[in-house]
Amino acid sequence: MAFSNEQLERYSRHIILKEIGVKGQKRLSEGRVLIIGAGGLGAPAALYLAAAGIGVIGIADADAVDLSNLQRQVIHSTPDIGRLKVESAREKMEAINPEITVKAEPVFADSDNILDLISGYDFVIDGTDSFPAKFLINDACVIAKKPFSHAGIIRFRGQLMTCVPQEGPCYRCVFPAPPPPDAVPTCRQAGVIGAMGGVIGSLQAMEAVKFLTGAGQLLTGSMLTYDALSMEFRKIRIKARDGCEVCGKNPSITKPAGGAAPVCEGIAL
Amino acid sequence: MNIVVSGTLKEYPEGLSVSRLIEAENIETPMYVSVSVNDEFVKSGELDSTVLRGGDVVEFLYFMGGGRR
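As they're listed, the protein sequences go chains A and B. Just so you know, we're using the numbering used here here: the first sequence kicks off at 861 and counts up by one. Just so you know, we're using the numbering used here here: the second sequence kicks off at 89 and counts up by one.
No lab work stands behind these hints, which were simulated from the structure alone. Check each hint, because a few of them may be wrong.
What the hints assert, rightly or not - Reference excerpt, derived from the structure (chain B facing chain A, CB under 10 Å, subset only): (1) Ser94; (2) Gly95; (3) Glu116; (4) Ser124; (5) Phe129; (6) Leu149; (7) Gly153.
Said to hold, decoys possible - Below 16 Å or equal to it, Euclidean Cα-Cα: the simulated EDC-like pairs (lysine to aspartate or glutamate) are: (8) A:Lys1099 with B:Asp127; (9) A:Lys1070 with A:Glu879; (10) A:Lys1115 with A:Asp976; (11) A:Lys1005 with A:Asp982; (12) B:Lys131 with A:Asp1102; (13) A:Lys1095 with B:Asp127; (14) A:Lys886 with A:Glu959; (15) A:Lys886 with A:Glu866; (16) A:Lys1099 with A:Glu1027; (17) A:Lys963 with A:Asp976; (18) A:Lys1099 with B:Glu128.
To be verified - Take a look, some chain A residues computed to stay more than 10 Å from chain B by CB distance: (19) Phe863; (20) Lys886; (21) Arg887; (22) Leu930; (23) Pro958; (24) Lys963; (25) Pro966; (26) Val1024; (27) Glu1027; (28) Val1059; (29) Ser1062; (30) Gly1074; (31) Gln1077; (32) Ile1113; (33) Thr1114.
All values reported here derive from a predicted model rather than from experimental measurement. A virtual CB, placed ideally from N, CA and C, is assigned to each residue, including glycine.
Okay, chain A solo, but in the shape it has when bound:
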């Protein structure tokens, strides 16, 4: 596929980069990325990936836009309140870039649909808010050997890691099981600065672009943490655990589990 003059102009700032070029831009336009969660993290990720010309972007979320979302979920606007988030997101993404295909999936990821949801995509972005969802995505992606970006944000802090199954650690290598409900504060309880989703969600989009183009090194084997108050980024090395419940040598988790998954009583490695 050759790019038209209009496409060459649209993507000129990518194409001029030696790490991307026409070849890299072609990989982006042939790429398929799924974003799970159209919220604080998914919003900036969806906008940048649409603008980058990712060929197919799936976006999954069953929620509707709420007034309290608008402080950080920049893909949604005030007139969108009450609309499905995926429909609101699709409209903005297609307005930025009519060349891409946006697949709106008005569902919450669960143990029944997750493997179908992620199949057919090259890379998955976890933009969910709950720990059961984060563990579900981790387990499904490890089982399906699907590279993905994990991230979390709270207050003035955020963190992310990229997992390429069989090539590095997964989220469960760091945290063997979800915490019990309400054991650790959520954004709803503790708050989150709006721009944090912008920082971390954009970094997730960056990882997707790097994965598709092969540019640079992915954030595998490390957790990148960001503290906005001290304005410090830190890259914490993480090793895969031999005994990891899902990516270890003898995994006890061989299919994605639903919400009834056991939670940890303290971190039991």
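Knowing the structure of chain A, use the given hints to seat chain B on it.
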């Protein structure tokens, strides 16, 4: 002894266990923090028995949700 805690060089008395360090560092959710010493995760049952030595590099990793809602 000097140990590196979350990237900062700190002085602590000899014989400090990981669980004592968690207390001393005022970790917000001590039950749910993941601790690595020299890049190896410490099992939850071994936080008391794991004694730190001078030069050790300790990292705390926290659960962070956030995003969708």
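> Between Lys886 of chain A and Glu866 of chain A, is the straight-line Cα distance small enough, at 16 Å or below?
Replying inline: Distance ~14 Å between Lys886 of chain A and Glu866 of chain A Cα, so the pair holds.
> Taking C-beta pairs only, is Thr1114 of chain A more than 10 Å away from all of chain B?
Replying inline: Its Cβ never comes within 10 Å of chain B, the nearest being 22 Å, so this holds.
> Per the CB criterion, is Leu149 of chain B less than 10 Å away from chain A?
Replying inline: For Leu149 of chain B, the interface hint holds, since the closest Cβ of chain A sits about 5 Å away, which is under 10 Å.
>> Please verify whether Lys1005 of chain A and Asp982 of chain A have alpha carbons no more than 16 Å apart.
In response: Between Lys1005 of chain A and Asp982 of chain A the Cα gap is close to 10 Å, so the pair holds against 16 Å.
> In terms of Cβ atoms, is chain B entirely out of 10 Å range of Ile1113 of chain A?
Replying inline: At roughly 18 Å from the nearest Cβ of chain B, Ile1113 of chain A sits farther out than 10 Å, so the non-interface label holds.
>> Would the non-interface assignment of Leu930 of chain A survive a Cβ cutoff of 10 Å against chain B?
In response: holds (12 Å)
> Straight-line Cα separation of Lys1070 of chain A and Glu879 of chain A no greater than 16 Å?
Replying inline: holds (9 Å)
> At a threshold of 10 Å, is the proposed contact between Ser124 of chain B and chain A supported by beta-carbon distances?
Replying inline: Holds: closest Cβ of chain A sits about 7 Å from Ser124 of chain B, inside 10 Å.
> Do the numbers back the hint for Gly95 of chain B, that is, is its least Cβ distance to chain A under 10 Å?
Replying inline: Gly95 of chain B check passes; min Cβ-Cβ to chain A is 6 Å, inside 10 Å.
> Given the proposed pairing of Lys963 of chain A with Asp976 of chain A, does the C-alpha separation stay at or below 16 Å?
Replying inline: Holds - the C-alpha atoms of Asp976 of chain A and Lys963 of chain A are around 14 Å apart, at most 16 Å.
> Is the Cβ of Pro966 of chain A farther than 10 Å from every Cβ of chain B?
Replying inline: Answer for Pro966 of chain A: holds, closest chain B Cβ roughly 13 Å.
>> Between the alpha carbons of Lys886 of chain A and Glu959 of chain A, is the straight-line distance 16 Å or under?
In response: holds (13 Å)
Comparing the model with each numbered hint stated earlier shows that all of them hold.
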